[in-house]
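Participant: Spelled out from the first residue to the last, the chains are:
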Amino acid sequence: MNHAVAVFSPNAVLNKNAVRILIAFQVAIVILLWIFSPFVLLPKPGEVLSAFGELWEQGLGAELITSFYLNIQAIALSTVVTLLLAYATVMPFFRPIVALLSKLRFLSLVGLTFFFTLMSKSGHELKLSLLVFSVSVFFVTGMADVINGVPKEMFDLARTLRMGEWRVVWEVIVLGQIDQVFDVLRQNAAMGWMMLTMVEGIVRSEGGVGTVLLDQNHHFRLAAVFAIQLTILLLGLFQDVSIGFLKNMACPYASLTLERK
Amino acid sequence: MVTAYSLGKTLLKIDNVSLEYDGRPILSGVTAEVRDIVVPGRVQGQVVGILGPSGCGKTTLFRIIAGLHAPTSGRVSVNGFDRPVMAGEVGVVAQSYPLFEHRTVLGNLMLGAMKKEKDSKAARDKVMEFLNEFELADKYNLYPAQLSGGQRQRCAIIQQILCSEHFLLMDEPFSGLDLIMLEKTCELIAKVSDMDDLNTIIVVTHDVTAACSVADHLWLMGHGPGEDGNPAAGSHIIKQYNLIDRDLCWQPGIITTARFTDFVREVKEEFRRL
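Protein chains in written order, with our numbering: chain E, -11 to 249; chain C, 6 to 279.
Watch out, some of these pointers could steer you wrong.
[What the hints assert, rightly or not] Computed Cβ-Cβ distance ranges for the label pairs, DEER-style:
no., chain 1, residue 1, chain 2, residue 2, range
1, C, M186, E, V138, 26 to 32 Å
2, E, L97, C, P89, 52 to 58 Å
3, E, E247, C, P89, 56 to 62 Å
4, E, S243, C, E140, 24 to 30 Å
5, E, V(-7), C, T266, 49 to 55 Å
Hints are computed from structural coordinates only; laboratory data are not their basis.
Since the structure is predicted, the reported quantities are computational estimates derived from the model, not experimental observations.
All C-beta atoms in this analysis are idealised placements derived from N, C-alpha and C, irrespective of residue type, glycine included.
Bound-form chain C, shown alone (with noise of 0.2 Å):
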């Protein structure tokens, strides 16, 4: 059976956005939305898998929804602002799990807890709380190339949610992991998505499989034809998959059940006409 659902306020906001590189267009008319889905009785975040052929500009639409690109025409908002997304308004990580190598793992974290706590007492109150709640509390005093992959990448997502708006965008969390630490990947992303209502995570991947067993809306992006039927000369989302209406996610074990299985089998059948 359906969750029940419905969907609030727009969270975050791509709104026909263009990119061209020397005349070369990269992204064509991109528009799509997040909003707050809202589930009664229980904290529900959002997470969004965005899901593309290597080399059709998921990183480019990463980077202008970060903030740190601006695109040659349209724009991101985030929150309803009437103003494009500014820099560390979205958290990121990056695939390679980035820290300032030259500070602790705490002042790596208070780095990002400063920004929002203006007493120092408060942030670091605020960053031990996260790194218990990570597993990651006897860790504090350790340089980041003493942390294992999981505990960086762990580092490095608390960073950014201490910073950021409540959203979190992830370039290829599921890259080069073994099926433990996949499944622990997508066990640690639902969990910050359910920390608060608000929070949105858009994960940036080309594995089909880990998207879809952790997301709830898959964009699919690509050259091709858009929704109207017309070709565009740059990428853009070509279609949209609601996993909640399909009652495919928020399911322990669901990536057990053969209606996954066909899902999966669907997306990836789709994947490679792009």
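Isolated chain E, as found in the complex (with noise of 0.2 Å):
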């Protein structure tokens, strides 16, 4: 088939070649409108360029790697205490408990913060704690929605090879959903990018990048904003592919029966 009718035909599956061209191209067009864009507030990418070059002298290097940092810290802690939280729910004590946990994902930030602030020693732990506890409400649901989804014919197959209980939990749940919290982890990290400079800007001890964004934009530096933004959202990509990668290494068998791959 012709790319050029490929590309708007239904479930249509192109070669990798051709998805690289398309992206450019989309790619390419963005950046023209950008560049010809008539809206005289929207900055230029050469204005937006200078702006990083500036933001970077003045230390963005430095902010960008304490938020960088407690990111991570934020991540793997979330993922702990969430597949923690999660693979309890095999035993029903824990279920109300991560049901409760999980409704909290309602819950403004905002207004933990006192809560956090007394529970806390230092900016950095209440930060750390008000990321964990806001991407945690979220990864917990989107974990306990993997594991109520496992068909009974998997516990069923489990049993009929005489596993015990808390080995068919092992194989059926941990084990057999890995690559499914690969996938979870991913949305949820990328949340955390998110959450993050809301609340580097609810606590500005340390800094951050969340800081310089909302000081940016608190004396409408536009380009400044956008310098931030796309820099985050190129460090954000970085950490969905490095994630995605690691899914492809561990689970090799994920993709297999997927038509988009």
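Both chains come to you apart, so use the hints to assemble them.
Facilitator: See the structure below:
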């Protein structure tokens, strides 16, 4: 099929080269639209690049490291907390607790700051606990859905192979769903960046990219705001690709039945 | 001429099994047994076909025989044990041939083999022996998602044979198969049953012709009066057929004969009355 027709055909699958060309084309269109945009308030690419240079000289690199370190810590901690809680739902005692935690995702972070401030010894600890909480409530919801979605026949299969119930949990829930853990982690780690700038805005100790972003926003320096947003976007993409790479390494079977790999 | 045979010890006994859900009877007084068929001079396993219309409780009985579901009353026992069957004693091959997708073929089969062979070298040898026997030796390193439907079916069967005590329950193994695959599945069932005198395969299906072509005994399940004439609220085994006595099994090409066709017609007539 002609590629030009294929890109608009339902469920069409393109080869890798065609996908690369398509992405390059779409990126070029976005850049052109950006350059020739009639909106006067929208900073041009050159202005954004120049703002990035200035921000870098003012120490954006250090702020990024602070934020990246905080985010990695939060992702690691929330992964541990979430997996422990989600796997604990195999025991009926923990199901209502996890269900309640899952409902806490509707709460606003601003309203929780005072409570977490009382429990924290430093600004870093406060930011970390706010981030871990805000990511974990979403992460645990996703993981509980993954575990609840395991079909009965997989439990039956394990039992017919004479596995005890803890071994069933290990084989069916822990090992059997590990590929989906990566997927849920990827979504929630991305959400971590969104929360991070919010948390760094609420708690300004240590600085961080969120603090810089809010400062620039406050002074209406749109080029700098765009530069920071694009930097966060690139870091997020790197994080996304890294988690995807880890998933492909650990679970090569996961994409075998997919049409779009 | 009817093949000379005798019936040995009871291998599997379903003793007055009933099941209710929220007070609603699903199964009522299901009673049947599978006995060891002894044919002089050859290895002969047992194949039982459980036939019944959709929704008659075949799969529920299947789960009870497998030890995956406890009946409300009565019990299923195997190998003469004076206790209910436990999960794992009866191998189960579900309709979709589930396998652990995160394990390779070898990994899946080792899970079954390690339950009987405590030494991993012996277990691996046993697995490779089965893989050779079932023409899957070159697939040992593949993931289940990379297998064809037929290969997956064989893999699921081997996994359960390696772990169970000579019993294999198959849920709708003929469902959705084309003619060639159906014949191959029948051959596969015969092959597995004849690997050991004690091998017993119970095929749960609503495909009358396929069941008749592969089984030595048929159990017809449904609602309606039982063999004692009393009506029952839940499903039970209404009629049993012995195909050996009718000289309708263990013969290549039997399905093309008129008496086989007549028998299938007879079973279908009974089936329609269920």
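Participant: For each hint, tell me whether it holds in the structure or not.
Facilitator: Hint check results:
{"no.": "1", "hint": "M186/C <-> V138/E: 26 to 32 Å", "verdict": "holds, 29 Å"}
{"no.": "2", "hint": "L97/E <-> P89/C: 52 to 58 Å", "verdict": "holds, 54 Å"}
{"no.": "3", "hint": "E247/E <-> P89/C: 56 to 62 Å", "verdict": "violated, 45 Å"}
{"no.": "4", "hint": "S243/E <-> E140/C: 24 to 30 Å", "verdict": "holds, 27 Å"}
{"no.": "5", "hint": "V(-7)/E <-> T266/C: 49 to 55 Å", "verdict": "holds, 53 Å"}
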